[in-house]
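Undergrad: Those sequence lines, one after another, are chains R and F. According to our numbering, the first sequence is numbered sequentially starting from 1. According to our numbering, the second sequence is numbered sequentially starting from 1.
No lab work stands behind these hints, which were simulated from the structure alone. Do not rely on the hints blindly, as some may be mistaken.
As the list claims (entries may be wrong) - Partner residues are not named here, just some residues of chain F that face chain R (Cβ under 10 Å, in silico):
hint: 1; residue: T79
hint: 2; residue: S287
hint: 3; residue: T291
hint: 4; residue: A347
What the hints assert, rightly or not - Coverage of chain F stretches by chain R, computed from C-beta distances (three or more under 8 Å per stretch; other residues unrestricted):
hint: 5; segment: 125-139
hint: 6; segment: 154-163
hint: 7; segment: 248-261
hint: 8; segment: 308-315
hint: 9; segment: 337-346
We treat Cβ as the ideally placed atom computed from N, Cα and C, and that holds for glycine.
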Amino acid sequence: MAGHRKSSRAFLLAAVVLLAAGLADFLIRKPAEAKRPGGKNDTRSANENIPRTSTRPREIKAPSEPATTASPDAAVTALIRDSLEKFRANNDPDGALEILRLLRDGIRQGPDDTTAAAILDFLKTGEDAPTKLPFAVGPDGMMDTVPSLRIALLDLLPSLDPVSALRLARELMDKRTSPDEYALALRNLAWNDFNGDLRTELTGRFIDLLATPWMNQPSAGFLESFDIAVEVGVGEVFDKLVSLTRNSNTSMKQAAFISMDRMILRDPSLLAAAADPAWMDFAPKQRASLLSRLDITQPDQRALFSRYLASTHAEGELDYFAKVFPNENFLYGHRLVTTDDTTPTIDEVIAKDAAVLRELSALEASVPETGKAAIQKIRLRLEKSAAGNPGP
Amino acid sequence: MPVQVRFKAAKAACLLVLAAPWASAGTYYPKPGLFDTSTGYLETELPDGWFRGSAVVARDPKLIYSAGHMLYDNGMWATDYLFYRAYNGRYSPDPANAAAPRGYRYFTSYTNNVDIYGQDSGRAFAYDFTVFYGTSSFGPAAGWWPDGGAVMRSDKQKLIVGYPSRLDYNNARAYYYQYGTGWFANRALQTRGAYHYFKNVTTGGGNSGGPVFAKETNGKYFLGGILVSGSYSTAGIYALNSSSNSMASAALATKSVRADAGNTDSVDLPDASSTYLVRTTTTSGFSENITGLEFSASVSTPRRGDLDVYLQSPSGRIRWVHKQSKEPAADLRIDKADYTAKFRGQAANGVWQLKMRDAVSGNRATFNSFSVSVSASGE
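In isolation and in its complexed conformation, chain R is listed as follows (with noise of 0.2 Å):
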């Protein structure tokens, strides 16, 4: 009888378990899917023509990630161990870079799935080799330059086996096994995004990066992991780069500033915080910089502007903002995962520029004096550019 009331009780806990799991899983993947900022432009719902019926009745099946069953390819595995002695060996920047093309080359010869197991093989040793080549991303992503073996291994993984390299992405930000692979384990979590299915972990992975001792001393990996934060664009990860303004660290700094600016590009309603006027006042530059992205022929950015105007300014701060604002200036790079955003042509900075001098003429009688003379230096900017540039 007891054992009965035991299984009873077993038997509830885990339908209660699975109902929960299910409830979690429903509420973590609702709001990803809505808060997608791709998600204008890439409609894969809207265009796509999935039949809703199947064409026979079927039991549905659980799905399950299929063993890789593939065995390591042998001359992968030797291209990986000779590279390995050819990095410990090398002390030339140009002869790393000759290692790490063979590298390449040879695992893109391969066959995807022995190619992977390969390198799932070796990553398993925990054996490694610095390349002395920096950490620098390249076109779409892809790194150019690596500084160790493991880390040029981690960057092919993804178009060999994405479902492997996700696993061990998760392993090695379990781990925490360097700032560098901890970036490289945010990318291809990213790339394994599917719709949002993966964007609530990707935030919390982030963040947990930030809560790291490597803080103290950012790598290279460690700062182009801030575009995970332009990914996922959310509030919690924005609030977390104000505060890392007042780093005393140059490049963190930077970092920081730059994933701002484009997630503001990307979301201005993130600057719904600057309505308090002592937001980032221990960097008025920087903020002045970030509220110079505010679109003012918008009501709710509009008063966040006379609101900006109207309160106490550092030195200089007022001036330089009215040099810069309405901001029509674009960053373009190479990432982990962002691609460049959108940035309007000449004709339509030429059109919105001329419905922010109309909105600044109705705006002028309502701000201070001090936010007057910011007003009336933005217009005679925008009027000059309006009038063209003197003859050549």
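Using the hints, position chain F against chain R.
TA: Relative to chain R, chain F alone:
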């Protein structure tokens, strides 16, 4: 290779003061004169002061090309940038005659900060490029070579023009005269990506952002790159490429070129397989990066939840098309789905691979077709 130094110069005093030995014979020294009227003197204001450099109206009358490090920032944007087209004189030009670009686009990364790589690293130079844009014309534009790297490495005649504040080989003041190296046929060496350098060519601090022209056999010359660094006997160049071309196109309402490519080589997918089956298709002929990508695919199956399918770009970037799931419905049919968000700005030419597997036993899936429709700016 000698140490390369950025050629951004403080307005009042040159940053580059080298006790340089006389360079070897065959070195191309800059000489004063009005070599090119699309080239101009450039000033920018940064948090740490005013800087002077060079720039060129190129490709379109509303675009000015220069070096990105003229705009280096630390959470702040360069301001008050002024361009003086074809200026050539002893005294600082009058700002009243300057053209003020409306804004700029430039390459940066989370790590191209001096703390990580050093201000004068090859990595920084490989992305050292900016495009200013104006709301009206800056004057006639120089033509351009879409593949500047190939031209720099060729034996075509080249000419570097700009506004050095001081001349390396004798440290003499250059004032605000335009200088040119004279035509030379040296082949550039490629260091990293877009970054190339010439041996036995000397310019000077302040020359940063100046154009490197290359001449056709008919005597016409076009822009192939931008001077970004140098020593007393070398000149470092950012060569124009698909990324810089795309950056410039983004400012213009450039027409798009589209290429469709596909694969209809039907095949049955092995059942319950851990191995991905691959189908490929190739796009080519683009000189700029992707601005749009539509994807279509058809796989017949009684249960599409069994399928793992992903698209791999020519560079190796992946985008999941379908992940194994509990989904009971049949067939995977995707018709012109917009995949631009994952591939915008990426290389448009090369082999696209669709990789797929039927990961669960019990149903047979058949690949029917897939296609990509790639768009990029083009003229």
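Undergrad: Run every hint past the structure and note whether it holds.
TA: Going through the hints against the structure:
Annotation: interface hint on T79(F) holds; nearest CB of chain R at approximately 4 Å, less than 10 Å. For S287(F), the suggested interface contact is broken, since its CB lies about 15 Å from the closest CB of chain R, more than 10 Å. Residue-level restraint check for T291(F) holds (minimum Cβ-Cβ distance to chain R is 8 Å; threshold 10 Å). Look at A347(F): its Cβ gets to within about 6 Å of chain R, closer than 10 Å, so that hint holds up.
Remark: the segment 125-139 of chain F is confirmed as covered by chain R, as 8 of its residues place a Cβ nearer than 8 Å to a Cβ of that chain, reaching the required three. Coverage of the segment 154-163 of chain F by chain R is violated [criterion: at least 3 residues with CB-CB distance below 8 Å; count 0]. For a cut-off of 8 Å, the count of residues in the segment 248-261 of chain F with a CB near a CB of chain R stands at 4, and the three-residue condition holds. Chain R is given as covering the segment 308-315 of chain F, and this holds because 5 residues of the stretch bring a CB closer than 8 Å to a CB of that chain, at least three being needed.
Remark: the segment 337-346 of chain F is confirmed as covered by chain R, as 10 of its residues place a Cβ nearer than 8 Å to a Cβ of that chain, reaching the required three.
Figure legend: structure checked against the earlier numbered hints; hints not met, in rising order: 2, 6.
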